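Using the sequences and the hints given, assemble the complete structure.
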Amino acid sequence: MRTKLLLSLLLCLSITPVALIHAAPPVTTPEFAPPPNDVLIAPPPATLAFATDEDIRLPSQYLAGRVAVRLVLPESNGLIDPSDEDWTPDQIEQVVSETQAALDWWRDRLPAARLAFDLVVQTAPTNYEPIRYGIAQEGLWIGDVLRALGYAGGNYIEQAYSAAFDLRDQRGADWATTIFIVNSARDDGYFADGRFAYAYLNGPFSVITSDGGPYTTRWLRAVIAHEFAHLFGALDQYSSASVSCAQRSGYLFAPTTNSMFNNCGTDEPSIMRELINSFTIGAVDASAQAQLGYRDSDGDGIIDVLDTTPTTTLTATGQTLSHRPVVELMVRDLGYPSPVQPDVSINPIRSVEYRVGDSDWQLALPVDGTFDQTREIVHVELPLYDGEYVVEFRAVNLVGNVSDPITQTFTVSGLGVAPAYRLEPASIENQTLVIHVQAPPETQLVEVSTRRDFANSWRLPYRSTLALPLPNELALTTFTTAPVLYVRFIDAAGLPSLVYSLPINVPEPVTVLIPLILR
Numbered sequence: 430m431r432t433k434l435l436l437s438l439l440l441c442l443s444i445t446p447v448a449l450i451h452a453a454p455p456v457t458t459p460e461f462a463p464p465p466n467d468v469l470i471a472p473p474p475a476t477l478a479f480a481t482d483e484d485i486r487l488p489s490q491y492l493a494g495r496v497a498v499r500l501v502l503p504e505s506n507g508l509i510d511p512s513d514e515d516w517t518p519d520q521i522e523q524v525v526s527e528t529q530a531a532l533d534w535w536r537d538r539l540p541a542a543r544l545a546f547d548l549v550v551q552t553a554p555t556n557y558e559p560i561r562y563g564i565a566q567e568g569l570w571i572g573d574v575l576r577a578l579g580y581a582g583g584n585y586i587e588q589a590y591s592a593a594f595d596l597r598d599q600r601g602a603d604w605a606t607t608i609f610i611v612n613s614a615r616d617d618g619y620f621a622d623g624r625f626a627y628a629y630l631n632g633p634f635s636v637i638t639s640d641g642g643p644y645t646t647r648w649l650r651a652v653i654a655h656e657f658a659h660l661f662g663a664l665d666q667y668s669s670a671s672v673s674c675a676q677r678s679g680y681l682f683a684p685t686t687n688s689m690f691n692n693c694g695t696d697e698p699s700i701m702r703e704l705i706n707s708f709t710i711g712a713v714d715a716s717a718q719a720q721l722g723y724r725d726s727d728g729d730g731i732i733d734v735l736d737t738t739p740t741t742t743l744t745a746t747g748q749t750l751s752h753r754p755v756v757e758l759m760v761r762d763l764g765y766p767s768p769v770q771p772d773v774s775i776n777p778i779r780s781v782e783y784r785v786g787d788s789d790w791q792l793a794l795p796v797d798g799t800f801d802q803t804r805e806i807v808h809v810e811l812p813l814y815d816g817e818y819v820v821e822f823r824a825v826n827l828v829g830n831v832s833d834p835i836t837q838t839f840t841v842s843g844l845g846v847a848p849a850y851r852l853e854p855a856s857i858e859n860q861t862l863v864i865h866v867q868a869p870p871e872t873q874l875v876e877v878s879t880r881r882d883f884a885n886s887w888r889l890p891y892r893s894t895l896a897l898p899l900p901n902e903l904a905l906t907t908f909t910t911a912p913v914l915y916v917r918f919i920d921a922a923g924l925p926s927l928v929y930s931l932p933i934n935v936p937e938p939v940t941v942l943i944p945l946i947l948r
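With the sequence shown counted from 1, adding 429 to any position gets you the working numbering.
Take the hints with a grain of salt, since some may be wrong.
Distance ranges between label pairs, derived from CB positions [stated by the list, open to error]: (1) 755 with 729: 31 to 39 Å; (2) 766 with 509: 45 to 53 Å; (3) 806 with 856: 13 to 21 Å; (4) 617 with 518: 20 to 28 Å; (5) 740 with 518: 31 to 39 Å; (6) 842 with 863: 47 to 55 Å.
By construction, these hints were calculated from the structure, which means they are not laboratory data.
Model, not experiment: these values are computed from the prediction.
Even for Gly, the Cβ is constructed at its ideal location relative to N, Cα and C.
Written as structure tokens, this is what we have:
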């Protein structure tokens, strides 16, 4: 339903960019006039019409997670227009520095957003001199530049979407967007229609002159930071933008309650109201933050867009006589609900677990070997012996939210009675880890690890006392919490047991000293 609503809202727009805001002369008197008419809406990507809700992820829905940013510097080649503007190494270095400063500013403003920016800088030829044109002709040079970068499409907006999706995939990012910086060093810092900076709401790109209009190169970072917020859903708040208090935007569809246009009742400094002072003092108001997705409704320290929950589905089971049951699970993290955009989570699954009766929760590994996606498929052979068992399954995502458990009953025969295993807490004695266990004499191996996935584990012939060199993971200066080992047994038939969590007894207080080796 939300996808259809988004389509209906966006498809009513023509392919030609549509200005969302109509500016009037500024009412306030900031040091410089804010960018006029700088928020536009692009039509949705053509692929959206054919995608299911589970497949949709737009380029820049909310500002959190890993963001790939393509900084494109168009370079005119003189084939159609005279090449009046030419990038120099110093200019490129300055523009890259200003862009990085703007991205760093946003990372520091939104600490709970888990932001990490990946800036990719490219120059690309065009037959046009972009500064000579206004927004009505932007498709000439933008389409030219994107074709030179290898992106084709029915129109330049589709090219920009393709560029964003490709960059996101290449860089392993959650979101991707493009910033075009147009050289205006020999011009007056303005395009032909009087604009100097604008962006498409929620992407796919923004356009800014290298001088930032009246802001000059000195405050270009503030202009970039302001336009970057539009790319992730934030609206303008200065009076000339004519944005009402009730006008909503962003993934959370939040109102613009700090707008100056009709006296909303708040007067917070914000990069969306005034650029230079707000950038200097690091000001972003609560309504702009909410439009970017930065809101913590339940006060748990996790912003709403990251406060997601996984779901677990048991998709298949296989079991034959004298064999252990094998289970396939499909796990997916559900996006925080958006009123107007496709629901999207960027939280990868951290673990899939199962529990047999009242045993410890056991870790099941994904088929690709690594938990790093919002969707995972898990195959697990349940370490069961003869009998009837109730097994629970659940998933945990990156922020620690847990899915509702699902339960399945299994009956096993032909494998014999489960062996009896006993363990005592481990201890640290003279830089040695000592473990005492009891198992049937015919037990083949004991496997010990500091990790639940048993990476880099020790596989030792069974004996009642095991002595291991102190692992590096446990060689801490001071233990603040009791460390834990993970132990499982391999029986006479080569079948692994359940995993046992084994605490380590550490004298209080304890300091573990590691020799300093000079080379």
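Results for each hint:
no.	hint	in the structure
1	755 with 729: 31 to 39 Å	37 Å, holds
2	766 with 509: 45 to 53 Å	48 Å, holds
3	806 with 856: 13 to 21 Å	40 Å, violated
4	617 with 518: 20 to 28 Å	23 Å, holds
5	740 with 518: 31 to 39 Å	52 Å, violated
6	842 with 863: 47 to 55 Å	39 Å, violated
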